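**Student:** Sequence:
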Amino acid sequence: SCASSPSSPDSIIGVGKSCLLLQFTDKRFQPVHDLTIGVEFGQRMVTIGKKKIKLQIWDTAGQEAFRSITKSYYRSAAAALLVYDITRRETFNHVASWLEEMREQADGNNNITIMLVGNKSDLAQRRAVSTEEGEQFAKENGLAFMETSARTRHNVEEAFPQSSSMVCQKIQEGAIDLSKSSGVTPGGDDFSRLEPLPPS
244 SCASSPSSPD SIIGVGKSCL LLQFTDKRFQ PVHDLTIGVE FGQRMVTIGK
294 KKIKLQIWDT AGQEAFRSIT KSYYRSAAAA LLVYDITRRE TFNHVASWLE
344 EMREQADGNN NITIMLVGNK SDLAQRRAVS TEEGEQFAKE NGLAFMETSA
394 RTRHNVEEAF PQSSSMVCQK IQEGAIDLSK SSGVTPGGDD FSRLEPLPPS
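Counting from 244, one number per residue, gives the positions in the sequence shown under our numbering.
No lab work stands behind these hints: they were computed from the structure. Since this is a predicted model, take the numbers as computed values, not measurements. Careful: at least some of the hints might be erroneous.
Cβ-Cβ distance ranges computed for the label pairs, FRET-style [what the hints assert, rightly or not]:
hint, residue 1, residue 2, range
1, Thr395, Ser340, 27 to 33 Å
2, Arg346, Ala367, 17 to 23 Å
3, Arg369, Gln412, 34 to 40 Å
4, Glu343, Glu400, 26 to 32 Å
5, Asn336, Gln412, 15 to 21 Å
6, Glu400, Ala339, 14 to 20 Å
7, Arg346, Arg369, 27 to 33 Å
For glycine and all other residues, C-beta sits at the position ideal for the given N, C-alpha and C.
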């Protein structure tokens, strides 16, 4: 089993990420969303196997002005979702540079679990990026892959817990230790505290 009731911080990078976060944490869809300024935060309890996991999710801004802020979150993240819009080719074209930037800013956090997410799967008729292209990029770069829809909730319930399940597997295999630097904090059954973990 995974560590006893751990806290698993996830970061989200890309486009449409704020809608995914809102749908997962609040179960609502907001089609028009203000630009993320700095870091937005959400959390939710999920059950993986027989263990409760508290997901602490950081929606990070991509603008240059916030790089120094977001870097500390990448360093302490246990998992990250890299999100593109399947109806906008240019967002998929940016994935490679986002991934490179994320790995640079993670600064030695080699055990971070990264999932590539193609959002807006409900708009298949406007698809500009095939599922196979997403799968191929993920395979070539050692990423997990999933397509989601923040509007219809398709795979939203699966994306975050699946990345956390992969983190749990790394803990079991000894690839992640439960030290402060790992980004995963073991806890008891008290989940009343809502503040984000301080960046390391």
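**Student:** Could one say that the CB atoms of asparagine 336 and glutamine 412 fall in the range 15 to 21 Å?
**Tutor:** Given a distance of about 31 Å, which is not inside 15 to 21 Å, the answer is violated.
**Student:** Measuring from beta carbon to beta carbon, are glutamate 343 and glutamate 400 in 26 to 32 Å?
**Tutor:** 30 Å, holds
**Student:** If I claimed the Cβ atoms of arginine 346 and alanine 367 lie 17 to 23 Å apart, would that claim hold in this structure?
**Tutor:** 31 Å, violated
**Student:** When you take the CB atoms of glutamate 400 and alanine 339, is the distance between them in 14 to 20 Å?
**Tutor:** 28 Å, violated
**Student:** Does the Cβ distance between arginine 346 and arginine 369 fall inside 27 to 33 Å?
**Tutor:** Between arginine 346 and arginine 369, where Cβ atoms are some 31 Å apart, the hint holds.
**Student:** Is it true that the C-beta distance of threonine 395 to serine 340 lies inside 27 to 33 Å, as the hint says?
**Tutor:** The hint (27 to 33 Å, Cβ to Cβ) holds, given that threonine 395 and serine 340 are roughly 29 Å apart.
**Student:** Please test the hint of 34 to 40 Å on the beta carbon pair from arginine 369 and glutamine 412.
**Tutor:** 35 Å, holds
This entry does not satisfy hints 2, 5, 6, going by the numbered hints stated previously.
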